[in-house]
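Those protein sequence lines, which keep their order, are chains A and B. Yeah, the first sequence ends on 323 if you go by our numbering, and it's all consecutive. Yeah, the second sequence ends on 324 if you go by our numbering, and it's all consecutive.
Don't read these hints as lab results, they were simulated from the structure. A couple of the hints might just be wrong.
[What the hints assert, rightly or not] Heads up, incomplete: computed chain A residues facing chain B, CB under 8 Å, no partners named: (1) V79; (2) A105; (3) T106; (4) P108; (5) N120; (6) R122; (7) L127; (8) S132; (9) T136; (10) K138; (11) G250.
[Said to hold, decoys possible] Covered, in the sense of this in silico footprint (three residues per stretch, anywhere, with C-beta under 8 Å from a C-beta of chain B), are these stretches of chain A: (12) 88-97; (13) 219-233.
[Said to hold, decoys possible] Restricting the straight-line Cα-Cα distance to at most 27 Å, the calculated cross-link-like pairs of lysine-lysine (DSSO-like) are: (14) B/K289 to A/K138; (15) B/K177 to A/K138; (16) B/K319 to B/K211.
We treat Cβ as the ideally placed atom computed from N, Cα and C, and that holds for glycine.
The lines below spell out each chain.
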Amino acid sequence: MRHFSRSIVTAALLCLLPTVIFAQNNGGPRMDHENTLPPTPTGPTPMAPDGHPDLTGLWNGLADNLLGVPNQMHNVGIEVGPDSTRDIHSGVQIATWPLQNRKRQNNEQNERAATLLRRMGSNRPTYKPQYWQRVKDFDANSNEEDPSNNCMPAGVPRMGVPSYIAQTPKYLIFIYPGQGGLIATATSYRMIPTDGRQHTNLEDLDGTWNGEAIGHWEGDTMVVDTIGFNSTSWFDQLGGYFHSENMHVIERFHRDGNTLTWTATIEDPDVLLEPWTTTPRVALLNPDPKAVLLESLPCSERDFAHVVTKEHH
Amino acid sequence: MRARMIKLLTQRPIIIAVLAALAFQTAGAQSHDSNANASAKPMAAGAANSATGSSASDVAKTLKTAAEAVGLARWSGVGGQRLPEVDVVNTMEVWASGTTYSPSPSSKSGEPWQPFKTDYHVVLGYNPPAMRVEMTRSPSGASAQGSAVPLHTIEVVRDTYAWDESEIGAGLVPGKGTATPAMAAAKNRFLQLWILPYGVIKAALAAGDKTKVSTENGATVITFPLSGPLAGVMVKATLDAQNEVAKVETRCDNPALADLVTETEYSGYADHGEIATDVISPGRIVRKQGGHPVLDIQVKMWDANNPYLVFPVPENVKKAAAN
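Chain A with its partners taken away, still in its complex shape (with noise of 0.2 Å):
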């Protein structure tokens, strides 16, 4: 009888395993994304002591804020809905066909499309025309020039928003762990304060991966202010966005419900026409109260060395 029952078992077993192995062919986790729209918030808003929303909590309930294609097409304003596609900030409309019918693709061919699909939006930064070449060099070429390549930061804002928030009556707490694969990037944290200090003379900061940081609330906004960078970081995840030590950086957060918005606008008279914006992006809280941020694993590169093309992964 025990033979029998594991008999079956085995047999059982075989049978899922091209599922298995198929789903490990279609990439990473599972997370089923079936669209690239924005969560709806729910629930009420938590307020401070002080009138103002409390932001404090663990902002990760969608788990693959930098790794996976939903959430990156959603970071560059593709909105990917069941049957119709939209560029949220140009509202160009994009030919979709339905998810039943995909053509199938091997590994290969789903990291060439994710590249295309994550740099398909129309929200881009506009250089002064002297740095355009530069900037596609850059991006063309950033297996090799990503300053966050080889465990480097990722810096502000290029981190996006933080996993998780801490909100005393003086400082934010700001912790962004680190991330692994070939956009590997080392934890940071930042602590800000929102107890209506002004900045330091620009002249007297040494320029720095997440330079200094103000925050203060604009109606039920924070808005968080930073200037003092150096100019070895990227600011955005794709592109080859590089900037100078004049950068200034203003974020602004929303909380509402369940959800927090964040968008960061960028002023660089030195390489930009003008200020750019990024496209909004929504968090979510995560949804178990006792979750807690699992330690990040020492981040060491070793994906590196085996690159041989300059295919972005």
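Add chain B to chain A, keeping to what the hints say.
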């Protein structure tokens, strides 16, 4: 069952919209392998030409097959997602060389135009629609005797604006070249964007139920009207056996738009990008305009990985357009 659906389509217009929405699914269901792709081609060698009036299903199937043939309709499982296929083509950069032709100041009607050995560099985008064509032309053949220095031109179009640049990005920052408004050239420049293989597929999809599919001499033919600034121009695109756009003809009844009557042949399709994308682009482009040969170029590289390409409109061009 499918025949019955088509019959219903012709009898009950009210359900056309519903079935048209399903048409993409029908098309896609047959596109999981190359044989299915081949079966989507309604062609038979030597078959008589069929009239237009194709069903929405036929049009949808043909356009999806054409979109997949050039790598325009794509999806990705990276991130474990279950998103539909979408049109991924936005920005592209092309380097090519060959011959272009222009009328000489002294040429008479009916005479061949003057050939130029040409280096061709094009950057383009569809969201927003824009194109920058940079050409360096040297007279070739008999006309090269005693020729002057090579002629370098940069022609740009975006949205409703057209202008010429003295250098790339001219007119945007002080001291960096001049931008000269060229609004009269906007239609002609836009036409070059929309008769590229990707433009044809996008425009045919956008034309909706005005797009028709038929067969001519065994080849699939797509016809549709352009819209916006190019309203009045009809496009006829012929697909090859791999469902790639092989020939594009434009016609216009308005004599004032005679320059928009073109005939372009595309061949040698491959992924010509430095970074592989599986977007397939033509390796040779041959064009006639108003009956004259205007272009015969070989593609050196065609980057289709949505590179950083921008087309800001200079302030003086905006002001000129407003006047």
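Closest C-beta approach of A/T106 to chain B relative to 8 Å, hint status: holds (5 Å)
Interface hint outcome for A/S132 [beta carbon to chain B under 8 Å]: Given a least distance of 5 Å, the restraint on A/S132 holds.
query: Is the interface hint for A/P108 satisfied, with its Cβ closer than 8 Å to some Cβ of chain B?
result: holds (5 Å)
task: Below or equal to 27 Å on CA atoms is what counts here, so check B/K289 against A/K138.
output: Given pair B/K289, A/K138 is violated - Cα atoms ~36 Å apart, limit 27 Å.
message: Under 8 Å is the threshold here; is the Cβ of A/N120 close enough to any Cβ of chain B for the hint to stand?
response: This hint holds: A/N120 lies near chain B, its Cβ roughly 5 Å from the closest one there, short of 8 Å.
message: Between the alpha carbons of B/K177 and A/K138, is the straight-line distance 27 Å or under?
response: holds (10 Å)
query: Was the hint right that A/L127 lines chain B, CB cutoff 8 Å?
result: Cβ of A/L127 sits 6 Å from chain B, so the hint holds.
- prompt: Within the assertion that chain B covers the segment 88-97 of chain A, do at least three residues meet a Cβ-to-Cβ distance smaller than 8 Å?
  reply: It holds: at least three residues are needed, and the segment 88-97 of chain A offers 6 whose Cβ sits within less than 8 Å of chain B.
query: Three or more residues of the segment 219-233 of chain A near chain B by CB distance under 8 Å?
result: violated (count 0)
Interface hint outcome for A/K138 [beta carbon to chain B under 8 Å]: holds (6 Å)
message: Does A/T136 hold up as a contact with chain B if the rule is Cβ-Cβ below 8 Å?
response: Since the shortest Cβ distance to chain B is 5 Å, the answer is holds.
Distance restraint between B/K319 and B/K211, which requires alpha-carbon spacing of 27 Å or less: violated (33 Å)
Going down the numbered hints, you'll see the structure goes against 13, 14 and 16, while the others check out.
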